[in-house]
Amino acid sequence: MIFEVFRQERKGQPLQHAGTVDAPDERFAEIYAREQYGRRQESVALWLVPREAVSEIGEFPDEFEMKYRRVDGYSIKARLREARERAGTLEAAPGAGAAE
Amino acid sequence: MDTQSMDARTQEFLDYVQAGGQVETGDWMPDEYRAKLVKFIEMHGNSELMGVLPERDWILRAPTLQRKLALTAKIQDEVGHAQLIYRVVEDLGKPRSASLDDLVSGKAKFHNVFHYPTKTWGDVGVIAWLVDAAAIVSQKALLKCSYAPYARIMKKICWEESFHILHGRDVILAMVTGSREQFALVQEAVDRWWEPLMHFHGNPIPAEEDPMFIWRIKSQANEDARQEFLDGYVPQIRELGLEIPDKALAKDEETGIWSYTEPDWEKLRAVVTGHGPASEERLSFRRLSREDVAWVERVVLAEAA
Ligand SMILES: [Fe+2]
Ligand SMILES: [Fe+2]
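Protein chains in written order, with numbering that gives the first Met the number 0: chain A, 0 to 99; chain B, 0 to 304.
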């Protein structure tokens with residue numbers, strides 16, 4: 000049986016995939032994982048998950064490129080400048096005077 | 000089968016890895032890439048496993064209890080590296096038993112440095128310090144390997160290797176600050192190990208012609224690795240008053256490049272194909288211990304069944 004091993008380095012950190020062990024059963028998987036991923040105090044927790052128990056999602060289609068949900072969907076520079084001009088605060092704005 | 004589109008797919012894969020893309024176990028990969036990965040990673044696993052034998056010879060002869068414990072811990076780490084690495088090979092399709100069969104039959108290779116005997120405690124220090132240092136140069140470059148599961152375990156391996164180097168350096172420092180005889184043991188060991196160390200990173204084949212580089216299994220040309228090793232460690236060796244047995248070894252201060260006497264590459268080829276001074280002894284020991292522990296596997300599998 001193949002077990003995926005996840006390892007937590009310090010409390011509060013995410014459990015990250017570390018590697019795999021091949022073991023005849025769960026008991027042996029525990030012993031192997033402890034030996035290979037924890038014997039040097041490099042982990043505070045290990046998760047062992049039988050490979051078959053993992054359901055993977057690997058595709059994330061984005062046909063409509065919904066940029067409005069992301070920061071790169073917005074470019075406010077020109078409008079901000081115009082707004083500051085109208086308000087007469089352009090001179091006082093952070094970075095004023097410096098080349099834009 | 001449409002070979003035209005297969006080629007396009009392989010090309011796309013090649014472009015992807017060359018641009019720094021990484022691949023996971025379940026992803027599609029060209030057969031050639033898979034075969035190259037297996038060959039490269041398997042040799043690494045074999046080297047970790049065979050690499051413990053020269054040091055194992057000294058567990059019972061270590062000069063102090065503290066050294067004995069440290070050496071045992073290092074050996075335990077190296078066997079652990081072999082286990083992590085063989086697991087990666089297994090996921091690529093080659094079972095561990097097949098890797099071990101090919102190792103003991105002499106079909107698969109392991110690193111040149113593990114084909115040599117360890118004559119004195121000085122050798123043990125030089126191995127842990129300089130052989131491990133040479134290895135960590137290569138292993139650090141593997142952190143960027145296009146095959147992600149291998150790159151990930153390399154992180155853990157590099158972390159453990161740093162203890163090995165320090166342990167080796169400490170052994171060497173104890174000896175060079177000791178008696179005249181102890182210093183001489185270190186100097187003799189450096190003399191013995193210099194040639195294998197210069198062989199370690201392989202002949203200076205240009206990266207663009209190295210299939211392992213083309214597929215971005217490796218991210219560093221052989222000669223670049225050797226230069227990095229020389230740059231890091233020649234000064235550390237010389238500052239202890241030790242001499243390196245190569246009169247031509249010098250750094251060009253302008254280019255930063257080290258020149259040295261061209262190593263005998265034919266000799267390297269002979270050593271890694273099983274004609275090194277300790278090759279046969281090491282392989283027969285591995286064969287023997289494999290037979291010796293076969294019952295453990297039988298018992299474990301029977302009990303788990
Ligand atoms: Fe190692
Ligand atoms: Fe090591």
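Keep in mind that the hints were calculated from the coordinates and are not lab data. C-beta atoms are modelled at their ideal positions from N, C-alpha and C, and glycine is treated no differently. Heads up, a few of these hints could be off.
Said to hold, decoys possible - Derived, one-sided and incomplete: chain B residues facing chain A with beta-carbon distance under 10 Å:
id, residue
1, Gly79
2, Pro148
3, Trp193
4, Ala293
Against the structure, the hints:
1. The closest approach between the C-beta of Gly79/B and any C-beta of chain A is roughly 6 Å, which is under the 10 Å cut-off, so the hint is satisfied.
2. Annotation: Pro148/B was flagged as interfacial toward chain A, and the flag holds, the nearest CB pair being 7 Å apart, inside 10 Å.
3. Checking Trp193/B against chain A by beta carbon gives a least distance of about 32 Å; that is not within 10 Å, so the hint is violated.
4. With a least beta-carbon distance of about 15 Å to chain A, the hint placing Ala293/B at the interface is violated under the 10 Å criterion.
Comparing the model with each earlier hint shows violations of hints 3 and 4; every other hint is respected.
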